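Work out the full structure, taking the sequences as your base and the hints as a guide.
These protein sequence lines map, in sequence, to chains A and B. The working numbering numbers the first residue of the first sequence as 7 and each following residue consecutively. The working numbering numbers the first residue of the second sequence as 239 and each following residue consecutively.
Treat the hints as calculated values from the structure; they're not laboratory data. Model, not experiment: these values are computed from the prediction. A hint or two may mislead.
Capping the alpha-carbon separation at 27 Å, the derived lysine-lysine pairs in DSS-like fashion look like this [unchecked claim]: (1) B:K244 x B:K287; (2) B:K266 x A:K337; (3) B:K313 x A:K449; (4) A:K241 x A:K255; (5) A:K405 x B:K266; (6) A:K449 x B:K304; (7) B:K313 x A:K447; (8) B:K313 x B:K266; (9) A:K405 x B:K304; (10) A:K405 x B:K313; (11) B:K304 x B:K287.
Label pairs and their calculated CB-CB ranges [as the list claims (entries may be wrong)]: (12) A:E252 x B:S256: 51 to 61 Å; (13) B:I243 x A:E252: 56 to 66 Å; (14) A:P471 x B:S256: 43 to 53 Å; (15) B:V301 x A:E252: 53 to 63 Å; (16) B:R322 x A:G508: 27 to 37 Å.
Quick reminder that beta carbons are idealized off the backbone N, C-alpha and C, glycines included.
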Amino acid sequence: MQKMRSSMSFNIIGAIVLSLVALGLIVSSIGYINFTNVFKKEYSLSTYHMADTATTLVNGDHIDAYLAGEEIEEHQTTQRYLDGYCKKMSVSLVYVIQVDRSDYGRFVSIFNSVNNAVDDSNYTPWELGHARDTTDDEYRQKYQALYEKQVPYETVYRTNPADGSHPHITTMVPVMNSAGDVSAILCMQRPIRELQEARRPYLVSIAIATVLLALLASVFVAVFVRRQFVAPIRKVSDEATRFARENIKGTPLGAISTYEELACLAESIDTMETDMATYIENLTSVTAEKERIDTELALARSIQENSIPNIFPAFPERPDFDIHASMTPAKEVGGDFYNFFLIDDDHLALMIGDVSGKGVPAALFMMVTNILLSERARAGNQPAEVLAAVNNLLCNRNKLDMFVTVWLGVLELSSGTLVAANAGHEYPAIKRVDGAFELLKDKHGLVLGCMSGMTYQQYELQLEPGDKLFVYTDGAPEAINADYELFGTERMVAALNGNPDGSPQQLLESVSDAVQRFAGGAEQFDDLTMLCVEYRGCAKTARDGEGA
Amino acid sequence: MLDIIKTIEGECALFVVSGWLDTLSAPKLAAALDESLEGITSLTLDLEKLEYISSAGLRVLLVAQKTMNEQGEMKVIHVSPTIRDTFEITGFVGILTIE
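Okay, here's the thing in structure tokens:
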């Protein structure tokens, strides 16, 4: 956080300061240039006037005469006037020259006044007739311009002289003769010290002003930026960080800024926190509820599992029969059931059923049906009676129109006689000791719980020792694979016959394996329940040879 | 999974039910029957293209049969052998009118 604040402010302040400095530099440069130009122009003009005045002292008609050695007195007088003028005007040099008109490349000196005191220079005056080459092309062009009367005067600026002398200008004016032609050029060299001296304070004051302004601006910006931007943003950022960490709603940010963007941001954070808190609360309670339901379903499953005999071998002390059963619900609880118990020492009750539907509703209905059937059977009633009675009881309180298929049998163990009745349930499969499993197409009554007052027909089967009976719910034949094909009763019977001498437990496993292999990875669609009993009839021999 | 084509002429309703009638699709048929059976005295269910019916589907037929027993008649037509088997095993042959 500290890092962010300083770098954001730092960047803004830095930018402002740099801009101000750049602005200051530009402004001072422009000012400097303008200042210099104006100054130069002024200098040039005033020097021109001074030079022009000086030409009145010179007799333009006698230039050649002077060079020829004539008019010596006039020459000396003029020279004296020029010396006086030079001193009075505080200029470094005043000199008159005649330039070679062929190429303006050479000139001779006519008059020459020197005032070294003005600029601390050390010029030596040229004597009359002293010849020199024109200094450079600039001078040459200017001499030409003057002789050809193109301009009234010329100025050469030496603001930064290369030869080490002080800055100066040289203004040149033509000297006319009475015919109106240019006979010589009068030059005046003037130092421009004042310009330099004036410029320096100007620059200094600009620099100081710029620095002060920059400092002031940075202080102002720092305070302004911090208060208006950094503080609110920091508040928002701190709050967001806290919330991300704690996931608990804090005090709302409220109105932290008059700027729309920041106000929006704060509002959004506040709204988000409120929404998140609500969402988390909902999610927590929903999750808790789901966990509660999961726990209850697990308990329900346990109750259901324990309501039917599930310990095998079930009757280890009975050599006259072997029985095995399994129930696998499609969901946590299911609508299938089986039950078996000894009504008395000689009678084994067997039942299997399938409630329409799956899950909790089917499970509740199943529990009721199981209890009603078991109690009626235990009381010693015939299978057909049991089904009819239970049917009426179920129809009484059946608002949801649920129904249940049931197969119920009672096996007399001493004789091997099985009396059974079928209320809409799948055909049982029987294997005779010297045969294979086959479906027994027994008589079917209507499913239980559908219509009251129905009657059921029971039938008898005589079992011999070694015979096996297999009953199941439609979870086996109606198991589907990924292509929505049904397992079917043929495959089921084939699975049973694949292990003809297997014990009831092994037979159940064969069918269960076959169903699983067939289904492949497809989810179990329906509850799968099976019961298999093998009649051995050993009790006959154990009972003093009763029967044969 | 399940397609239902309803035709209602006056007090007669014809439902052509095709596909797979199980726990997932039974509510669809139940809803379709629920919203149309008012004032109907004759309900016909054409099950020619019905491939499979589970106990949930049987329940829907049972409810429809009971309803029509109060206000008129119901019959089931073009039943395939597989479906007929199911009706026989469950004993529904006794309560449905199958043609």
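Quick rundown of the hints versus the structure:
For the proposed pair K244 (chain B) and K287 (chain B), the alpha carbon gap of about 15 Å is at most 27 Å, so the pair holds. About 22 Å separates the Cα atoms of K266 (chain B) and K337 (chain A), which keeps this hinted pair within 27 Å; it holds. Pair hint K313 (chain B) plus K449 (chain A) holds up; C-alpha atoms about 24 Å apart against a cutoff of 27 Å. At roughly 15 Å between alpha-carbon atoms, K241 (chain A) and K255 (chain A) fall within 27 Å of each other, so this suggested pair holds.
Simply put, K405 (chain A) and K266 (chain B) have alpha-carbon atoms about 20 Å apart, close enough for the 27 Å limit, and the pair holds. Restraint check for K449 (chain A) and K304 (chain B): the C-alpha separation of about 24 Å stays at or below 27 Å, so the hint holds. Taking the CA atoms of K313 (chain B) and K447 (chain A), the gap is about 26 Å. The hint holds against a cut of 27 Å. Note on K313 (chain B) and K266 (chain B): the hinted pairing holds, with a Cα-Cα distance of about 20 Å set against a maximum of 27 Å.
This hinted pair checks out: K405 (chain A) and K304 (chain B) have alpha carbons roughly 12 Å apart, not beyond 27 Å. Our distance criterion of 27 Å between C-alpha atoms is met by K405 (chain A) and K313 (chain B), whose separation comes to about 23 Å. Of the pairs offered as hints, the one joining K304 (chain B) and K287 (chain B) holds, with about 24 Å between alpha carbons and a cut-off of 27 Å not exceeded. Checked against the hint of 51 to 61 Å, the pair E252 (chain A) and S256 (chain B) passes, with Cβ atoms roughly 58 Å apart.
The beta-carbon spacing between I243 (chain B) and E252 (chain A), approximately 59 Å, falls within the hinted interval of 56 to 66 Å. Between P471 (chain A) and S256 (chain B), the C-beta spacing of about 50 Å keeps the proposed range 43 to 53 Å intact. Checked against the given bound of 53 to 63 Å, the beta carbons of V301 (chain B) and E252 (chain A), roughly 55 Å apart, stay inside it. The beta-carbon spacing between R322 (chain B) and G508 (chain A), approximately 33 Å, falls within the hinted interval of 27 to 37 Å.
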